[in-house]
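Hey, can you work out the whole structure from these sequences and the hints?
Going down the list, the protein sequences come from chains A and B.
Residue numbers for the first sequence follow the numbering used here, beginning at 1 and rising by one.
Residue numbers for the second sequence follow the numbering used here, beginning at 1001 and rising by one.
Read the hints as simulated data drawn from the structure, not as lab findings.
Backbone N, C-alpha and C define an ideal beta-carbon position, used for all residues, glycine too.
Honestly, I wouldn't trust all of these hints.
[Claimed, not checked] Derived EDC-like pairs: lysine to aspartate or glutamate, alpha-carbon spacing no greater than 20 Å straight-line: (1) LYS1099(B) - GLU1138(B); (2) LYS1003(B) - GLU1100(B); (3) LYS1099(B) - ASP1137(B); (4) LYS26(A) - ASP58(A); (5) LYS231(A) - GLU1196(B); (6) LYS1174(B) - ASP146(A); (7) LYS229(A) - ASP1197(B); (8) LYS241(A) - GLU210(A); (9) LYS1165(B) - GLU1103(B); (10) LYS231(A) - ASP1197(B); (11) LYS229(A) - GLU1200(B); (12) LYS1165(B) - ASP1137(B); (13) LYS231(A) - GLU1200(B).
[Unchecked claim] Each pair of labels, with its calculated beta carbon distance range: (14) GLN1199(B) - GLU245(A): 28 to 34 Å; (15) GLU223(A) - SER1104(B): 51 to 57 Å; (16) GLN36(A) - PRO1205(B): 53 to 59 Å; (17) GLU245(A) - PRO1205(B): 33 to 39 Å; (18) LEU220(A) - GLU1108(B): 48 to 54 Å; (19) GLU223(A) - ASP1113(B): 55 to 61 Å; (20) SER1215(B) - LEU211(A): 43 to 49 Å; (21) LYS1165(B) - SER41(A): 46 to 52 Å; (22) MET39(A) - GLY1042(B): 49 to 55 Å; (23) ASP1191(B) - ILE72(A): 51 to 57 Å; (24) SER48(A) - ASP1095(B): 49 to 55 Å; (25) SER166(A) - SER1215(B): 36 to 42 Å.
[To be verified] Partial list, computed: chain A residues near chain B (C-beta under 7 Å): (26) PRO148; (27) ARG150; (28) SER151; (29) GLY152; (30) GLN153; (31) SER169.
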Amino acid sequence: MQLKGEMSMLNVLHIQDTDVSEICSKLEQKRDEAPQFFMQSPIVIDGSELSGNALEFDFSALKQGLLDLGFIPVGSRNFPPAANNLMRESGWAIMRDQQSTSSVSKSEPVQKNQVKDSPVEESKENINTAPQTNPVAVMKNQMTVDRPVRSGQQVYAENSDMTVLSPTSAGSEIMADGSIHIYGALRGRVLAGARGNESARIYCQSLQAELIAIAGRYQLLDESDTTLKGKPAMIRLDGEKLVIEAL
Amino acid sequence: MSKVIVVTSGKGGVGKTTSSAAFAAGLASKGHKTAVIDFDVGLRNLDLIMGVERRVVYDFVNVINGESTLKQALIKDKRVENLYILPASQTRDKDALNKEGVESVINELKADDFDYIVCDSPAGIEKGAFMALYFADEAIVVTNPEVSSVRDSDRILGILQSRSKVAEEGGTVKEHLLITRYSPERVEGGDMLSKEDIQEILSIPLLGVIPESGSVLQASNSGNPVIMDKESQAGQAYMDVVSRFLGEDIPLRFVEPEEKKGFFKKLFG
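Written as structure tokens, this is what we have:
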């Protein structure tokens, strides 16, 4: 038996009001635009934009509605804790609260022919399913690694920035919820902002990484046209694109 | 205080057994009671390299299973005082090894006043290699100047520092880099990784460099550890390695390309 942390793409349904039948009918329209894509797709419901009382929300009806439409309800997040019992009784798995990693804003309709204030807003996101227990807040802690990170090793700084004082080897993986600083050569895979923090950055003294990622947006270094390979570099996220700049 | 030293690499065929045999023989020749154990159950070679294959009666697995005593299985070397060999089983496989059994053999050797217990690891990162490194205080990581070997050495270093007994108890296994099959001419020509390149990637202290040498094959064939061939460069390099390990400060030899003699120099010497 093996338990591994993975990044997976999940659809997130942002619930804005409590009318379940309205939500389901809008979702049905959306689904019919790309039935192959949405059929049997896992879906998470997000309550961060909910106006209205979560305690009046019929979670059971929504779950059944989603199943009927061919979605797979995976879990719920960002609902007020007062609604937890209600969600559990309806069979919803409560996931850790998490910021949306999508750049779709509320005022922008997802689809051109959708009504502007639609109760349904759907976004594609990367959700990191690595083991965690706390909601993402300000980066409080600092994790320091003072030994080389060897091929095949994975290091994860939960809820914090990471500073590595030795080089990292090809085939290693460094992940942090915050930023990552490497005072040495960066050779393996590096994933900053692992739980969706788009302001996280990556700093290194010699950029030789295999794969770089911030808040789920990733890039193979070989596929980026940067002149900074082997040089001190800083990587940040600009919208959806990773930007590599000289340090 | 006995020290357990594992000779490991991850990659196969880089010179672990050759190095274990030479290193153990070198330590013993300097007066330290040394045992060298073959952990490659099922594919044993240490006995061949040391020339004792016809003297194997009992082996490591027999001792673990209580089918023989350690004294019955240990083979005393006839050439070097203080040197003892514990061969592996040829008929069984690595599943025959277990932590308790290995620990009890090592403890018995320590109780018998062995100064050094050299564990010749098999290739890979599974059970045999894991058993060989688990009880180590120090590790000699044998690496060829070649990309796959360097990466595999890196991997085994990670395993050493996270899953050895010393690591589980919060300590650090002392790491030594031993580069084998080094050819200074090819390094100069740009074909081969230099010792500096390897050190930069692996970040562990360099114990020594053994040059590529025909004497290694001759040594295996004759069943005499190459360190006993005082004329060969490899043998001398291994002697340097042993001395360095024991604390002497010896400069690296055989790491510069041999001087190419010009036409006139060849004529007039």
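Here's how the hints hold up against the structure:
no. : hint                               : result
1   : LYS1099(B) - GLU1138(B)            : 18 Å, holds
2   : LYS1003(B) - GLU1100(B)            : 18 Å, holds
3   : LYS1099(B) - ASP1137(B)            : 16 Å, holds
4   : LYS26(A) - ASP58(A)                : 17 Å, holds
5   : LYS231(A) - GLU1196(B)             : 19 Å, holds
6   : LYS1174(B) - ASP146(A)             : 16 Å, holds
7   : LYS229(A) - ASP1197(B)             : 17 Å, holds
8   : LYS241(A) - GLU210(A)              : 17 Å, holds
9   : LYS1165(B) - GLU1103(B)            : 11 Å, holds
10  : LYS231(A) - ASP1197(B)             : 17 Å, holds
11  : LYS229(A) - GLU1200(B)             : 17 Å, holds
12  : LYS1165(B) - ASP1137(B)            : 9 Å, holds
13  : LYS231(A) - GLU1200(B)             : 15 Å, holds
14  : GLN1199(B) - GLU245(A): 28 to 34 Å : 30 Å, holds
15  : GLU223(A) - SER1104(B): 51 to 57 Å : 54 Å, holds
16  : GLN36(A) - PRO1205(B): 53 to 59 Å  : 58 Å, holds
17  : GLU245(A) - PRO1205(B): 33 to 39 Å : 35 Å, holds
18  : LEU220(A) - GLU1108(B): 48 to 54 Å : 52 Å, holds
19  : GLU223(A) - ASP1113(B): 55 to 61 Å : 60 Å, holds
20  : SER1215(B) - LEU211(A): 43 to 49 Å : 44 Å, holds
21  : LYS1165(B) - SER41(A): 46 to 52 Å  : 47 Å, holds
22  : MET39(A) - GLY1042(B): 49 to 55 Å  : 51 Å, holds
23  : ASP1191(B) - ILE72(A): 51 to 57 Å  : 55 Å, holds
24  : SER48(A) - ASP1095(B): 49 to 55 Å  : 53 Å, holds
25  : SER166(A) - SER1215(B): 36 to 42 Å : 37 Å, holds
26  : PRO148                             : 5 Å, holds
27  : ARG150                             : 3 Å, holds
28  : SER151                             : 4 Å, holds
29  : GLY152                             : 5 Å, holds
30  : GLN153                             : 5 Å, holds
31  : SER169                             : 5 Å, holds
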